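Here's the letter readout for the chains.
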Amino acid sequence: MQKRSDDRLIAYLDGEVDVAERRDIEAWLDTDPAARDKLAALAESANLVRLAFDEVMREPVPDRLIAAARGEAGSAEPSAKIVPFKRGQGFGEAPAARSWWLGLPVAAALLGLLLGGAVAYLSVAKLLPGGIGDKRPAVEMATADNLWLDNAAGYFKLLVGAGDGALIDVPATGDPREALQKISQSLPQEVRLPDLKPWGLSFRGARLVVAEGRPAAQLVYTTDNKAIGPLTLIIGSSKQPDSPPALARRQDVNLLYWRHQGRAYALVGQTDIGYLWGIANDIAWQLDAI
Amino acid sequence: MSIRFGDQLIAVLPRLRRFARGLTGSAVEADDLVQAACERALARQHQFQEGTRFDSWMFRIVQTIWIDQVRSRDVRKESGEVAEERLGTDEPVRRVEARLALDEVRRAVGRLPPDQRTALLLVTVDGLSYKEAAEVVHVPVGTIMSRLARARIALQLQLEAGGGMRRSTNDAEAQ
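If you read the protein sequences in the order shown, they are chains L and E. Quick note on my numbering: the first sequence kicks off at 1 and runs consecutively. Quick note on my numbering: the second sequence kicks off at 1001 and runs consecutively.
Take the hints with a grain of salt, since some may be wrong.
[What the hints assert, rightly or not] Below 20 Å or equal to it, Euclidean Cα-Cα: the simulated SDA-like pairs (lysine to any residue) are:
1. K182/L <-> K226/L
2. K239/L <-> L208/L
3. K38/L <-> A1149/E
4. K1131/E <-> L208/L
5. K226/L <-> P198/L
6. K1131/E <-> V19/L
7. K38/L <-> Q1156/E
8. K1131/E <-> E16/L
[Unchecked claim] Which residues of chain E face chain L? A partial, calculated answer using Cβ under 8 Å:
9. R1018
10. V1034
11. L1042
12. H1046
13. R1106
14. M1145
15. L1155
To be clear, the hints were calculated from the coordinates, so they are not data collected in a lab. Remember, predicted model here, so these are calculated numbers, not experimental data. Where is the CB? At the ideal position from N, CA and C, for every residue including glycine.
Working from the sequences, and respecting the hints, build out all of it.
Here it is as structure tokens:
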């Protein structure tokens, strides 16, 4: 006969005892009112735990999870209305000279000038000569069913939530080009690495994700400047026509995304949209210029 | 990707969400966790052995990712999240009370150590046998048994201390 204990009562409740032990426990329960009370209390608490989580089973499964299960997490096109920029000298056209250095005074100006997202954008737009000053983004907020953006934001949050680069598939140890080469082996197109050191952002590594239904690279950048980083840049291939940059917000994450010459890009972070525009402008120039 | 694999994955999503909700204590984090598990499963579907339980394999992936996350950060649970989500509803008072009582149960589960919480969710909530749960978390059956017993006793004490158990039972019946 095994020792009479709560463990045995629990195993009995769970149907995890053999016939002999069952008889023994039932004999114990027949003669011990305290054991019966204990068993009733254990059964009651187990029932409550089941009830507490059963409502999840009645909830509709989010589309993004169904898409993820089908391996088409990034395949859906944005259903949100996106108001394009006016075409100018910035995205899609390489400027005459690299303007990354403009980002620093812009960033400094933003710290002092900007309190809100919309104000931030307008301010940086005015400060950037020949950049995005004559463009108007669609600050498109949290519209449903946009899987591509939902997933880009989800990838960012997963990465940040995991912390310390826990989810990075290919860490940037030593030469960062090695990480790029490794991740590029799994992609239809080679990935190039934008240098964001002028923004204080260090490349930490890359992760393989899905964008528009195809493998894509999620490049991870971090910085000590909490006003900017961390940031991720998703670069994937796309069969969609070029599209100008547009802003979106998913949960508490800002995204700036565009398509250019068969590639889809999404710059993702929790930083101010002014920074996103400046950094994305720099990325667009670098990748066009390489 | 084989269609059958994707179908199996979709079929098990509700249970994975419930398991992940219990682990994380947050609806958003739970769905992020399940999404990450789906991605990993698809990337490693060649590792799944036909003839073995697909749900157990997926539970193991969810649990592994979650443990990695727990180890790499302090999980700050938003214990008031569920209750706050309910505010402002026009549900009858009794039903709201029932929901809040079950929130109390969820919070009590959330206070359990991760290994005990995992055992409780797999066996008591999802109905896996001790052997199946042991296979999911790669520990001996005896370890699952002791973790589960500690979880159940700790949970019961927490609910009794909070006066929630009898109230919860009564209120749950109102749902």
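Verification of the hints:
1. K182/L <-> K226/L: 29 Å, violated
2. K239/L <-> L208/L: Holds. K239/L to L208/L sits at ~19 Å (cutoff 20 Å).
3. K38/L <-> A1149/E: 13 Å, holds
4. K1131/E <-> L208/L: Roughly 34 Å between the alpha carbons, so the hint for K1131/E and L208/L is violated.
5. K226/L <-> P198/L: Status holds; Cα separation ~15 Å.
6. K1131/E <-> V19/L: Satisfied, since the Cα-Cα distance of roughly 18 Å is no more than 20 Å.
7. K38/L <-> Q1156/E: Satisfied, since the Cα-Cα distance of roughly 10 Å is no more than 20 Å.
8. K1131/E <-> E16/L: Given pair K1131/E, E16/L holds - Cα atoms ~10 Å apart, limit 20 Å.
9. R1018: Status holds, d = 4 Å.
10. V1034: 6 Å, holds
11. L1042: At 5 Å from the nearest chain L Cβ, L1042/E passes the 8 Å test, so the hint holds.
12. H1046: H1046/E check fails; min Cβ-Cβ to chain L is 14 Å, beyond 8 Å.
13. R1106: 5 Å, holds
14. M1145: OK, holds: M1145/E within 8 Å of chain L, min 6 Å.
15. L1155: 6 Å, holds
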